[in-house]
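Residue numbers (the numbering used here), protein chains in the order written: chain A, 1 to 122; chain B, 1 to 149.
Honestly, I wouldn't trust all of these hints.
Each computed SDA-like pair below joins lysine to any residue, with the alpha-carbon atoms no more than 25 angstroms apart [said to hold, decoys possible]:
| no. | chain 1 | residue 1 | chain 2 | residue 2 |
| --- | --- | --- | --- | --- |
| 1 | B | K48 | A | F54 |
| 2 | B | K48 | A | S50 |
| 3 | B | K98 | A | T98 |
| 4 | B | K48 | A | N3 |
| 5 | B | K48 | A | H24 |
| 6 | A | K72 | B | E110 |
| 7 | B | K143 | A | T87 |
| 8 | A | K103 | B | E42 |
| 9 | B | K48 | A | S18 |
| 10 | B | K48 | A | G19 |
| 11 | B | K98 | A | G65 |
Everything labelled a hint here was simulated from the structure, so no lab data went into it.
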Amino acid sequence: MRNIFFDMAGDILIASLSGEIDHHNAGSLRSEIDSAIRAFNSKHLVLDYSDVDFMDSSGIGLAMGRYRNISKRDGIMVIVPGNTYVTRIFGLSGVFGTIPKSKTQELALEYISEKGGTPDDK
Amino acid sequence: MTNDKEIRTHNFEIEFDSCSRNEAFARGVIIAFLSELDPILEDLIEVKTAVSEAVSNCIIHAYRKSDGRIHMLCDVSDDGYLTITIKDNGVGIENVEKAMLPLFTTGGTERSGMGFTVMETFMDSVTVTSNPGEGTEVVMTKKLDVGYV
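Extracted from the complex, chain A is given alone in its bound form:
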């Protein structure tokens, strides 16, 4: 079962994750996202965990690794953390001190365009 779905808004890649994220599948999610960033030459990234049913700390590692890559491209990354349980796991790591979070994809896109993104290529 495919548990990642991509969408583009200008130079922002939106990666929507679903199902379970553990060490076993984090590796393939990582390479799919990194390939999509290269393929679409996207500058910014929205990593959406709204439909994630379960994750362990591998889900944090996945976000931290992508943040490093996007930062190298001078891009902005935003996490949409989803259910309270996933938000709690992220909260333990203090990752939101570094990577901004938004309640919804729409708010994440707004945040990025205000900070210098060009979602409509304007």
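Fit chain B to the supplied structure of chain A, relying on the hints for placement.
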């Protein structure tokens, strides 16, 4: 109200190979085993996550890319006292205290170093016994909120 029902304990012990697909297997086993006690969902998710972290540690750190066996023992009473032991015969941990620090990892840039912190947050106690070359044993306990009356 009196309750003459005897409190029984239940346990299982399994051994499986160190392979990342078994992370989901171990989570499934613990959920299946505890479901009979009818614990609250939050407790189930927390235990499931702690098991996922402990088993991942065996695969990523203890055995790295080599073959190995992971032992999982679980003991629970009708009134919800749970003990889970996860053991490996892998490389062991040189400095347990350091390994348990939040954000500390030897797993590279894709690992958060939050595994032990997650276990400690979601379980009531986590005890790690390890020596280099002698494997690692993680014992976690938690009092579950169960339907037992």
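Outcome of the hint check:
Restraint check for K48 (chain B) and F54 (chain A): the C-alpha separation of about 9 angstroms stays at or below 25 angstroms, so the hint holds. A distance of roughly 20 angstroms separates the Cα atoms of K48 (chain B) and S50 (chain A); the hinted pair therefore holds under the 25 angstroms criterion. Between K98 (chain B) and T98 (chain A), the direct Cα distance comes to roughly 23 angstroms. Compliance with the 25 angstroms bound is thereby established for this hinted pair. With a CA separation close to 20 angstroms, the supplied pair K48 (chain B) and N3 (chain A) stays within the 25 angstroms bound.
Pair hint K48 (chain B) plus H24 (chain A) holds up; C-alpha atoms about 15 angstroms apart against a cutoff of 25 angstroms. A C-alpha spacing of about 16 angstroms is found between K72 (chain A) and E110 (chain B), which places the hinted pair at or below 25 angstroms, so the restraint holds. A hinted pair counts as satisfied when its Cα atoms are at most 25 angstroms apart, and K143 (chain B) with T87 (chain A) qualifies at roughly 23 angstroms. Note on K103 (chain A) and E42 (chain B): the hinted pairing holds, with a Cα-Cα distance of about 22 angstroms set against a maximum of 25 angstroms.
Under the criterion of a C-alpha separation no larger than 25 angstroms, the hint pairing K48 (chain B) with S18 (chain A) is consistent with the structure, at around 18 angstroms. For the hint pairing K48 (chain B) with G19 (chain A), the CA-to-CA distance comes to about 15 angstroms; that is within 25 angstroms, so the pair holds. Between the alpha carbons of K98 (chain B) and G65 (chain A) the distance comes to roughly 22 angstroms, so the proposed pair stays at or under 25 angstroms and holds.
Of the numbered hints listed earlier, not one is contradicted by the structure.
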